[in-house]
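> From first to last, the protein sequence lines stand for chains A and B. 1 is the number of the first residue of the first sequence in my numbering; add one for each residue after it. 1 is the number of the first residue of the second sequence in my numbering; add one for each residue after it.
None of these hints come from the bench; they were simulated from the model. Among the hints, a few may not be true.
[As the list claims (entries may be wrong)] One-sided and incomplete, this derived list gives chain B residues near chain A with beta-carbon spacing under 7 Å:
#1 L78
#2 M95
#3 E99
#4 L104
#5 L149
Don't be surprised by glycine CBs; every beta carbon is placed ideally from N, CA and C.
In case you want the letters, here they are:
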Amino acid sequence: MKKLWMRLCQMHGRKELSAEHLSFGQLTIKRFCRDRWAVFGCIVILAVLCIVLAAPVICEYKPETIDKSMIRKAPGEGHILGTDDYGRDVFSRLVYGGRVSMAVAVCATALQLFFGIVLGSFAGYFGKWVDSFIMRVADVFMCFPFYIIAVCLAAILGPGLRNTIIILGFLGWPSLCRMVRAEILSIKENDFIMAAKSLGLSSGEIMFRHILPNVISPIIVSATLSVAGAIMSEASLSFLNLGVKIPQPSWGNMLSSAQSMNTLINEWWRWVPPGLCIIIVILSINYIGEGLRKAMTPKAGE
Amino acid sequence: MGKILEVNHLTVEFQTVQGIASAVRDLSFDINEGEIIGIVGESGSGKSVTSLAVMGLLDENTARIPNGEILFRGKDLLKLSEKELCKLRGAEITMVFQEPAMALNPVMRVEKQLQEVYRIHARSRAKNCRGELTALLEELRVPDAGQVLKKYPFELSGGMKQRIMIAMAMLSKPQLMIADEPTTALDVTTQAEILELIKMMQKETGCAVILITHDLGVIAEMADRVLVMYRGQLVEQREIGEFYRGARHPYSKDLLRSRPEGFDRRFWSIPGTIPNAYTPLTGCGYCGRCRQAEERCQDTPPQLTIFPDGSQVRCHKCRGGMENEQ
Numbered sequence: 001m002k003k004l005w006m007r008l009c010q011m012h013g014r015k016e017l018s019a020e021h022l023s024f025g026q027l028t029i030k031r032f033c034r035d036r037w038a039v040f041g042c043i044v045i046l047a048v049l050c051i052v053l054a055a056p057v058i059c060e061y062k063p064e065t066i067d068k069s070m071i072r073k074a075p076g077e078g079h080i081l082g083t084d085d086y087g088r089d090v091f092s093r094l095v096y097g098g099r100v101s102m103a104v105a106v107c108a109t110a111l112q113l114f115f116g117i118v119l120g121s122f123a124g125y126f127g128k129w130v131d132s133f134i135m136r137v138a139d140v141f142m143c144f145p146f147y148i149i150a151v152c153l154a155a156i157l158g159p160g161l162r163n164t165i166i167i168l169g170f171l172g173w174p175s176l177c178r179m180v181r182a183e184i185l186s187i188k189e190n191d192f193i194m195a196a197k198s199l200g201l202s203s204g205e206i207m208f209r210h211i212l213p214n215v216i217s218p219i220i221v222s223a224t225l226s227v228a229g230a231i232m233s234e235a236s237l238s239f240l241n242l243g244v245k246i247p248q249p250s251w252g253n254m255l256s257s258a259q260s261m262n263t264l265i266n267e268w269w270r271w272v273p274p275g276l277c278i279i280i281v282i283l284s285i286n287y288i289g290e291g292l293r294k295a296m297t298p299k300a301g302e
Numbered sequence: 001m002g003k004i005l006e007v008n009h010l011t012v013e014f015q016t017v018q019g020i021a022s023a024v025r026d027l028s029f030d031i032n033e034g035e036i037i038g039i040v041g042e043s044g045s046g047k048s049v050t051s052l053a054v055m056g057l058l059d060e061n062t063a064r065i066p067n068g069e070i071l072f073r074g075k076d077l078l079k080l081s082e083k084e085l086c087k088l089r090g091a092e093i094t095m096v097f098q099e100p101a102m103a104l105n106p107v108m109r110v111e112k113q114l115q116e117v118y119r120i121h122a123r124s125r126a127k128n129c130r131g132e133l134t135a136l137l138e139e140l141r142v143p144d145a146g147q148v149l150k151k152y153p154f155e156l157s158g159g160m161k162q163r164i165m166i167a168m169a170m171l172s173k174p175q176l177m178i179a180d181e182p183t184t185a186l187d188v189t190t191q192a193e194i195l196e197l198i199k200m201m202q203k204e205t206g207c208a209v210i211l212i213t214h215d216l217g218v219i220a221e222m223a224d225r226v227l228v229m230y231r232g233q234l235v236e237q238r239e240i241g242e243f244y245r246g247a248r249h250p251y252s253k254d255l256l257r258s259r260p261e262g263f264d265r266r267f268w269s270i271p272g273t274i275p276n277a278y279t280p281l282t283g284c285g286y287c288g289r290c291r292q293a294e295e296r297c298q299d300t301p302p303q304l305t306i307f308p309d310g311s312q313v314r315c316h317k318c319r320g321g322m323e324n325e326q
């Protein structure tokens, strides 16, 4: 990790940056680089992203191409990870499935962030009935048993990539909203907000220029973790055949199609790779989130 | 010299769970252009609430102003809309806060925070103001001003932060600056410097200053006139020299007596504490701790007596310009 840090220093054209001259961002990166697991997670995620983005170059076969002569072949010549029931190449399904999983996770998180930040800031800043109203709505959403509502929504909207994103985004915002609200409530009490008011800033300016930048670090951390949650939820929904629909691959529906006892016992290559991918990616993201949390809290070390 | 600010019969109450707390009771004072007035009183006497009321920064959810007016150049600030207030705040009335460490946004560079004043009020391009900012900071004796501008507040010392706050308050060349205990959070050596700077800036721009403090030494050094507050009331108002020569109200006398003086004398403090703001005021606010209290002080509220020299005292014992020395 020290190497990485040195590289960063070189990038800034200095031999060694001393703590005095570091901005908050640089300090965060420095602390982040000290956390092995977080850096490990970062490397893994970057690698996965590269592979997934380069899918068309890496994969020999299209993920949907059916080859009846190559049904349920074990890993070997041509097919690195074998084939499935329809003779589709497991490796390319895994890679394209990763694309889908990542896209769902990122989009769903973006949606959650949008709702969470906007509603949370309104609730926290304006207080009074705005706050009560938004928080009651959030409470209602938090009371929903996730899978039952997700199943209902999937039934109403129909399964598919876009609807999975909508479901995850729609059901996931309340916790973020609460966190943003709580942070804003505590920051609002600071003297510098009153000082900003005394300078004549309007509420909007105070909100966007003074309060939100102070809330950014917990938001980043929580967003990272929610990416992991979204990958998990997408996999579960797809496993229940309520998420991404079958010719389109996703890690969840790959697992789902490998449910039969026969497959589990005899065709390990159909369920081990997607399962491992989910575990590794979620673990890595969680490490990153944890690393960021530590790095962004100045009290924790340094 | 015209009056820049006139506060008439201002009353501020806080609606809390325990009941109504009266923070400021029927307070009237005024301040002339270019004058420095000091407001003293111990914690809980309503000094800060008064300043927040003038700035329009009281918490709308709890604070109420049942009556009174705050006239800034003849305009009643209490009747202005939030938008009109925003235009005034930071431009014509500015404020320096007690804790410089808390009053600067921790995630914004100093330069950006200072630029905000320009952005809002001066409407000039933020890019062009760097030279001006550096010049102002240099005037405030900030060493290495160019570097300081690039720093975050947590990288600066308390005195430096307070200089930045003063710069922020002075940038728009205000007509009135409220300094709410500007030196309380600083160590003694820095205090004197900061006060000197405030005075210097005041002379230069000719703005009026309301200096809130509980340090009589600060008042002596800075103010032209002093207002003593107790339990939200004005108890004495007097020209500074006169005040030190002969304060009339027993509370002022006690305050003067409780200054640390020399090494041989034991530190004297006023016995008792200030009653909390929920306690209803029946007679004189100070009668519980006053050494000269009589029976009438318990149940008859003393009126503010105006003396021929313009000073005001609220005490039964010094009415009609007649001093009652013991």
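> Work down the list of hints and note, for each, if the structure agrees.
Verification of the hints:
no.	hint	verdict
1	L78	violated (16 Å)
2	M95	holds (4 Å)
3	E99	holds (6 Å)
4	L104	holds (6 Å)
5	L149	violated (14 Å)
Checked against the numbered hints listed earlier, the structure breaks hints 1, 5; every other hint is satisfied.
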